[in-house]
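Chain A is already provided as a structure; the job is to place chain B on it using the hints.
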Amino acid sequence: MTHQTERVLPRPTPETTHFWEGTRTGELRLQKCDDCGKIYFPPRPFCPKCGSRDVSAFAASGRATLYSYVISHIPAPGLEPPYSVAVVTLEEGPRLMTNIVACDQTPEALTLDMPLEVTFEAQNDEITLPFFKPAA
Amino acid sequence: MARGTVAVVGAAETTEMGVIPETSELQLHADAALNTMADAGLTAADIDGIAAAGEAPDVLAQYLGITPAWLDGTLIGGSSFMLHVRHAMAAIEAGLCTTVLITHGESGRSRVEAKGFPEFIGGKLAGQFEVPYGGSLPPTMFTIPVLRYLRTHGLRPEDMAPVSVVQREWAALNPRATFKDPVTVNDVMNSRMVAYPFTLLMCCLRTDGGGALILTSANRANDFPHPPVYILGTGESAEGPMVSQLDDFISSKAFRLSGERAFAEAGISHDDVDHLMIYDAFAHVPLYGLEDLGFCKPGEAAAFVADRNTAPGGSLPLNTNGGGLSYMHSGMYGMYAMQESIRQLRGIAPAQVPGAQVSVAHGVGGMFSVAGTIIFGNEPA
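Chains as they are written, first to last, in the numbering used here: chain A, 1 to 136; chain B, 1 to 381.
Bound-form chain A, shown alone:
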C-alpha cells in the first residue's frame, strides 16, 4: 500500500489515547468491564453493557477471522485501488474495521472466515494503524 502518509489519520481523544499508545508498541488493546466481564470495542471509559466505569485495557491476541468486506475501486486518500475494506471478528469477540494486507485484493484470496493476524504499520510518530494479514 503506497502513499500511506496521505491517509486520513485518526485524531485520538482522551478516551481513546490508550488504544493508539498500544498500537505504537505493537499491542491491539481492547477493554474489559471489571464488573460484568464484557469485552468491548471501540474504546470508551465505561462498559457499554452494564454502565460500570470500572474497566481496564488489555492486549488482545491479534488473532481474528474475516467477517465481511468489499474491494473498493474508489480512490481514497492513501489507498491505492483496488483495496479491501474489511470487518474482522477478533478472537476475543469484538469486531473492527481494517484493511486486509499482504495478500491479493481479490475475492479468491479474500475468503470469509479466513484466519488473520494483526500487523502494525506506523503512519507517523503518533499514529500506528492496525491492519490484518492472512495468519501464518
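Think of the hints as simulated: they come from the structure by calculation, not from any bench.
Do not rely on the hints blindly, as some may be mistaken.
[Said to hold, decoys possible] DSSO-like cross-link-like pairs, simulated, lysine-lysine; straight-line CA separation at most 30 Å: (1) B:K115 with A:K38; (2) B:K253 with A:K49; (3) B:K124 with A:K32; (4) A:K38 with A:K133; (5) A:K32 with A:K133; (6) B:K253 with A:K32; (7) A:K38 with A:K49; (8) B:K124 with A:K133; (9) A:K49 with B:K124; (10) B:K297 with B:K253; (11) B:K253 with B:K115; (12) A:K49 with A:K32; (13) B:K124 with B:K253; (14) B:K124 with A:K38.
Note that the coordinates shown come from a computational prediction; the quantities given were computed from them, not determined experimentally.
Okay, now just chain B, sitting in the frame of chain A:
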C-alpha cells in the same frame, strides 16, 4: 399513537428533478415547500410547525415566513423525514401545533451551497476507527455487510442484480425518472465495479431535488383540495453509525424494530399492504428490508424479487418510482419514498398500482444506522 388521527394533506416534490445547477440547496427546500403549500391550498401563515433535515428548521421558517410553535431538526440521514412524520404526528396529537410542514431539499449533484459530507455518516469514533481504512463513503460502508449475508444464505452477487433490473422497469413508467432504459442482469453484472461485489448499476444515483409534506389532524383532513392520506402506523429505531459495530451483517436490528412498531401501531398484517417503498441506496437494502419488515423469510428476498413479485404486475409492487437506483437520489432519499407512497394512495402515480389502499414507506439513515417506517392508508381506520 392512535391509528389514522393525523393525515397528509399536502405533498409535492420540487418543480425540477435531476440536475438543477441554477438552484441552491436552500431554495430546493423552499421550492418543494411552496409546491406543497399550493397542493394543500395553504400559505405560510397557515403553518405552525416545521421540520427539516439538511437545512435547520429555523432557517426554513425565516426563509418561508413561517412562525412556528413547534420545530424538529432531527438529522439522522435519509430516513430523517420518516422520523419527522412520526414526531409531527405525536406533536399534533398532543396539541403542540396543528399544521406541520416537513421539507427536504438537496443539491446532491450540483452542490450549490450544499452542506459538506455530514459527520452523522460516522461520527467522531468512525473518524478514528473506520475512515482511515477507506470506510468513509457509502459505497465502501453500506456495502460491507453483504458478502456475509450472501454467504449465510448461499447466494451469489448476481442474485442482487434483479433488484436493479426490476426497478429500472418501474422507472421506465415514470417520466421524471433519471434512468429509463431497460437493463438486464448481465448489464448490471458487467457495469463498472465500484466496490466488489457492487457494480455501478447496484448503486444509487446522485441528483438534485426536494420534496415536502404537510400534515394535520385527521378531523380537518377533508377540508383540503386532495383526498387525505392517513398515517396508520409509525416506527423508528437506531443501531448506530459505525457499520463495523452493527449487531450482525445478515439483518438490520433498526429495520426490524422500526417495522415491528409501525405494523403493531397500524394493526395490519403484511397481506394488507398493497404497495411498498424501501429506501434503496444500494441493491441489497431492499433485500434486507423485505426480510426485516417481515415480507420475506431470511434469505428469501432475492428469489422473491427475481420471481417478479415486486415487478410491475407482481403481488407486492416495490419502489414503483424507480427508486434511488433509477428515479433519483439526492443523498437523503427518504422523502421521495414517502412522496411515491402518497401518489399511489392518491391514485396519481405514473406507475399506478390499481386500487392501492395501504402503502409502507421504509427509510434508512446512514449505513443501517437509523430506520424509520411509515404506514399510509387512504382510510383512517
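Structure-based check of each hint:
no., hint, result
1, B:K115 with A:K38, "violated, 39 Å"
2, B:K253 with A:K49, "holds, 17 Å"
3, B:K124 with A:K32, "holds, 22 Å"
4, A:K38 with A:K133, "holds, 27 Å"
5, A:K32 with A:K133, "holds, 25 Å"
6, B:K253 with A:K32, "holds, 25 Å"
7, A:K38 with A:K49, "holds, 7 Å"
8, B:K124 with A:K133, "holds, 26 Å"
9, A:K49 with B:K124, "holds, 21 Å"
10, B:K297 with B:K253, "holds, 15 Å"
11, B:K253 with B:K115, "holds, 29 Å"
12, A:K49 with A:K32, "holds, 11 Å"
13, B:K124 with B:K253, "holds, 22 Å"
14, B:K124 with A:K38, "holds, 23 Å"
When each numbered hint is compared with the structure, a violation occurs for hint 1 only.
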